[in-house]
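Number of protein chains: 2
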Amino acid sequence: MCQLLGMNCNTPTDILFSFEGFHRRGGLTDHHADGWGIAFFEGRGVRLFIDDKPSSDSPVAGLVRRYPIKSKNVIAHIRKATQGEIRLENCHPFVRELWGQYWIFAHNGDLKDFQPAQGQHYQPVGSTDSERAFCHILEQLRLRWNTPPDSAQLFDEMTRLAAQIRPHGTFNFMLSNGEWLIAHCATHLHTIVRQAPFNTAHLVDDDVSIDFSTVTTPRDRVAVIATQPLTDNENWSALAPGELVLFRDGAALYTSHPAS
Amino acid sequence: MCQLLGMNCNTPTDILFSFEGFHRRGGLTDHHADGWGIAFFEGRGVRLFIDDKPSSDSPVAGLVRRYPIKSKNVIAHIRKATQGEIRLENCHPFVRELWGQYWIFAHNGDLKDFQPAQGQHYQPVGSTDSERAFCHILEQLRLRWNTPPDSAQLFDEMTRLAAQIRPHGTFNFMLSNGEWLIAHCATHLHTIVRQAPFNTAHLVDDDVSIDFSTVTTPRDRVAVIATQPLTDNENWSALAPGELVLFRDGAALYTSHPAS
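Chains as they are written, first to last, in numbering that gives the first Met the number 0: chain A, 0 to 259; chain B, 0 to 259.
Note that these hints are calculated values from the structure, not bench results. Fair warning: there could be bad hints in the mix.
Said to hold, decoys possible - Sample of chain A residues at the chain B side, in silico, Cβ under 10 angstroms:
#1 GLY44
#2 PHE48
#3 ASP50
#4 ASN89
#5 CYS90
#6 VAL94
#7 ARG95
#8 PRO115
#9 ALA116
#10 GLN119
#11 PHE211
Unchecked claim - Using 20 angstroms as the maximum straight-line C-alpha spacing, the simulated DMTMM-like pairs for lysine to aspartate or glutamate come out as follows:
#12 B:LYS69 x A:GLU84
#13 A:LYS52 x A:GLU84
#14 B:LYS52 x A:GLU41
#15 A:LYS69 x B:ASP56
#16 B:LYS52 x A:ASP13
#17 A:LYS69 x B:GLU84
#18 B:LYS69 x A:ASP56
#19 B:LYS69 x B:ASP248
#20 B:LYS69 x B:ASP149
#21 A:LYS52 x B:ASP155
#22 A:LYS52 x B:ASP205
C-beta: ideal position from N, C-alpha, C; glycine also.
Generate the whole structure from the sequences, applying the supplied hints.
Shown next as structure tokens:
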């Protein structure tokens, strides 16, 4: 299975600490060695780093580990290929433009028999079920609205689309347009919101700690979402299967009722 | 003015030597210090590195200088902002998907009063004339064809579109879908095709030489296109104003008659 990591904040924040543990799961402490990727929003722009090499020995991951890119929305992915060859075009996150915004998407899981009709606006470049699902979601949103709806309308439509795709398999995903980050749990997704008073956190995957009180202001709020908890001394919450959450400014703004 | 660099090859080739000279023009040997970017095709996938810092002191440029990414099509750009703030979303190259292929685009120049109608399929994310032109080109291609035309048809249409946009200002650009690279000269664009017998080349911007015969096979062919020649001991050809060239497998496949 792949691993997902997302971050949504109310102030641009670097993800170095979380990425330090996360990237080690790409071939070092876990078996996710078929490529990786990370996308950072900076304003309306996106920095996308993808690699078809394991993240634990990728030169690009080395850069990301050392380079404190500050972002309000980040999505990272470590790939264990289930569908689609190990090729650059099959690495997540994927990026497309919708309504003059970049949208980024990453998926953990496996969708079977998911072959939506070819879109008028969006087509996959690679051969993964994940990119097909992303293009299908964007196509449906674009067909429904010519201009961006408000976030409540969008969340309702995303709830509907997630429910439509969910029966095809395992569909943990994260999606962001730089303003909000949507996370959908099919099997495993955990979240934590860090805010004042900040404490020291310690990684599961490496003997590294950080005292967040030394690198934050009292107003900062950061939501981190990951397949498995990244720290072993904080209280992560598990999302329920079928639950969809829209994070904005480091907090859950909308939560769907989990599918029964 | 900005600087453009493109490479089109018949075998995946690294661009380290050309980029070594080129990146120094971003704030060190020349005045192009408002960001930079480079996009590499690898198969159908694209690696895009962009930065709103000068390329001469960008950590991302440091990675690219040390990392021999092999690609058949590369476009790089160093930005001197004329329209659009110095922000990540205004850095070239820009990427979009068309017909299930990624397309990359970079522009050197300045288009005045170029405000095409909002597209159904493509909208700019940033505020540059360049991204507007790119989205307009893709929109026109997408409206005309639902599936990719052959390269001769595409070249004719690109000749028409370049002529339509050219009167708005200075429109040197490069465009690639990973199979071919199209270069359009408005003012300054120079090209060289390197093939056997390979010789030693020496950079203009730095005292660095390379003996290409030691890093190539006799069948390799590499076209390099740049705003200004990058080496001082080779015969670069200047494209004529209004000339459009489609490079494939390291050679010019189609050339338009320059605009009179």
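- Query: Going back to the hint list, which numbers does this structure go against?
  - Reply: Hints 8, 9, 11, 20, 21 and 22 contradicted; others consistent.
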